[in-house]
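Chains A and B, in that order, are what the protein sequence lines are.
First residue of the first sequence: 1, per UniProt numbering; consecutive thereafter.
First residue of the second sequence: 1, per UniProt numbering; consecutive thereafter.
To be clear, the hints were calculated from the coordinates, so they are not data collected in a lab.
Bear in mind the structure is a predicted one, so any value in this text is a computation, not a measurement.
All C-beta atoms, glycine included, are put in the ideal place defined by N, C-alpha and C.
Mixed in with the good hints, there may be bad ones.
[As the list claims (entries may be wrong)] Derived contacts from chain B toward chain A, CB cut-off under 10 Å, selection only:
1) N3
2) E125
3) T132
4) T135
5) P137
[To be verified] Derived list of chain A stretches under chain B, where covered just means 3 residues or more per stretch with a C-beta under 8 Å from a C-beta of chain B:
6) 139–149
7) 252–261
8) 266–276
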Amino acid sequence: MSELSEAEKRRILRERRQQKFSNGGASSRLNKITGQADSHLSTDSPIEMKTARSRPNSKDTTPSIPSSSDASSQMKTASSDSTSNDPQLEILKKLANADESNESTPDLFSLLRSMKSGEGDADKSTESMAPADQAMLAYHDYRVNRLKYMTMLFKWVCFLFPYTYLVTRNAKFNVSCLPESLSFLTMPSNFFMVFTSFEIVAISVYYQRLQSIEAENKINTLHSTSKIVQMVSMVPEGIIPIPNLKGKVVTALQYVDVLSTFVADICFVLVVLGLLMYI
Amino acid sequence: MANSVVIIALFLVAVTKFIDYTAKYHSNWLMALSLKTNSKDTREYNSKLRKQRQLIEENHSISAQDNYAKWTKNNRQLDKLKIELSELDSKIKLNSKNLHAIFHKLKLITLTLPFFVFKIWKGKEIVYYLPTNDTFPYLISGVWNNGWLHLVLTPLNYILGRQTSMSTKVGVSFGIWIWALTNVISNIESLIKFLLFTEKIEAPKVTSQK
Chain A
1 MSELSEAEKR RILRERRQQK FSNGGASSRL NKITGQADSH LSTDSPIEMK
51 TARSRPNSKD TTPSIPSSSD ASSQMKTASS DSTSNDPQLE ILKKLANADE
101 SNESTPDLFS LLRSMKSGEG DADKSTESMA PADQAMLAYH DYRVNRLKYM
151 TMLFKWVCFL FPYTYLVTRN AKFNVSCLPE SLSFLTMPSN FFMVFTSFEI
201 VAISVYYQRL QSIEAENKIN TLHSTSKIVQ MVSMVPEGII PIPNLKGKVV
251 TALQYVDVLS TFVADICFVL VVLGLLMYI
Chain B
1 MANSVVIIAL FLVAVTKFID YTAKYHSNWL MALSLKTNSK DTREYNSKLR
51 KQRQLIEENH SISAQDNYAK WTKNNRQLDK LKIELSELDS KIKLNSKNLH
101 AIFHKLKLIT LTLPFFVFKI WKGKEIVYYL PTNDTFPYLI SGVWNNGWLH
151 LVLTPLNYIL GRQTSMSTKV GVSFGIWIWA LTNVISNIES LIKFLLFTEK
201 IEAPKVTSQK
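Looking at chain B on its own, in the form it has when it is part of the complex:
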């Protein structure tokens, strides 16, 4: 039973980390998807953009003084196109934003929430047993076995005069183990990031001025 719990937890942690590492790609994929789903607006935007470029080129090629009427007509069209383009741009951006929001909600419902519920549900399940009951002091062993609540309940029981019974074999519960695992993973991530992806900084040269 503990094996299946550990395997499921490792799988969920791996998927979460994969999604975190590929966050930049998601943004690009979602933008491309939003352009495809909103193809009518995208086509209209591209055609208007092309027309805008043509008008700008035409205006640059003619003289404002000699062809005043045409120049001002082009300018009026350019002003109109600018407004239309900004409207289409905001529409496309809104669509992309909605898609991002849907993706985040999906991630919350399919990954974050189930993982959270799984941790709460299987939190007390023992993942492995310690070599001996006295490997850690009583209070710390109690936390590993019963969770963080043991830190609060032990002094409370002592004040109320209740006896707290420890199980015959002390182990590490799933909740504590997953906390320790995520802590170690984040430390390893920072370590790898520093060792492999951080440039070495040399000491700045101090020029003494007399």
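Just chain A, same shape as in the assembly:
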């Protein structure tokens, strides 16, 4: 008899407990235990959520109401449910989350990077690059640099210096070492035309060679090594109202590269001209 009454007692207690949970007592109980009555964390008890799901027609099932009316906590709950496609709203939510977690103010780029990685892993990030890719990238960098410096050395030593010498000799002593049919090449007035033509040919050959190296190693130099392109690729679509921003930035950097090569050669010519005019 006592066993039965004890079992009955236990059953009654169990029923009362379940009743209490179903009336929303779990959240307040959790708050009392953890002492976080004003916590910004979600206070929805899983038991309440289960009972809410099991009773779809019940009027007591209320949506998860945050304990405080703080806008940031509302944003947090909204972010956990919604799949907003607005990138600006996503950034604001992430900033709000970062503020609530009492971390130091996150860097904008780390935010953008985390958003980009959350959206998709289409872009390779250097942080998660495999060792094989890193070795390939290092080898590719080495080959590109070697091409750049050997081209510069060849242009300076094998063409620009001898040609500038011939032009200054022609100007000073009116003597041309070339046959008469080609003597117009060493005339000072034709110097810039010959120089520019040579630069166009040299840069074209350089870029062809660069493209063959990129095709061989299957790496795009600017995409992999340029910090500006990497920064631009982290910016999500829609933030800056320019279509295909990355492509435009890559094109601009290519033009800057060509211009800097031209400027480097012109500077060499100026220095050599000065030296030869003194001798």
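Based on these hints, arrange chain B on the given structure of chain A.
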């Protein structure tokens, strides 16, 4: 006149480059100098460090259970020494940092600033004359002769209807020449660094997995 300008410029460029190449040695020299100037703190630091090592050795040699009182006394002394050593360390580091700052200010006042003022002052002086006036196109010749401002003034004068007169002989001004020289020097530096001081990287072996 142009010769002296060029010689002074070359001297200043050489000194700047020398200081840049020996930057690592400066750091060591300055640290040694700061230790000498701050000899009292350095001596105190060394003596406390020696005492710390002795106490640690003593603690290792005795048993904590058998010689508890001595062990804890040593530990208390070690804690006190740790605080004192960190204070002295930060004092010495601060002194070294101040010395570095003084060196940088000295470099700025005696080298960087005078070179900058010299470039501005003698910027328009012609270093050498081009073989002919038409070696370069008009706009580029104007830049070599008058400086970068020519790029802005020429279209402005054209819009305002003013005639720009070029001198009878076109030359390269000091400002442009020094810019070209520093550009060439930095390119040569990168070239030498790559050719002589960069290790060759072999193609990575790709293992195909089936």
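Taking 8 Å as the C-beta cutoff, is the stated coverage of the segment 266–276 of chain A by chain B satisfied by three or more residues?
holds (count 7)
Interface hint status, T135(B) versus chain A (Cβ within 10 Å):
5 Å, holds
Against chain B, does the segment 139–149 of chain A show at least 3 residues with beta-carbon separation below 8 Å?
Satisfied; 5 residues make the cut.
Are P137(B) and chain A close enough, Cβ to Cβ, to be under 10 Å, as the hint says?
Holds - the Cβ of P137(B) comes within 10 Å of chain A, reaching about 6 Å at its closest.
Chain A contact restraint on N3(B) - CB to CB distance below 10 Å
Holds. Min distance 9 Å.
Check whether three or more residues of the segment 252–261 of chain A sit with their beta carbon closer than 8 Å to a beta carbon of chain B.
violated (count 0)
Interface restraint verdict for E125(B) against chain A (beta-carbon cut-off 10 Å)
13 Å, violated
Satisfaction of the T132(B) interface hint, Cβ to chain A closer than 10 Å
Holds - the Cβ of T132(B) comes within 10 Å of chain A, reaching about 4 Å at its closest.
Going down the numbered hints, you'll see the structure goes against 2, 7, while the others check out.
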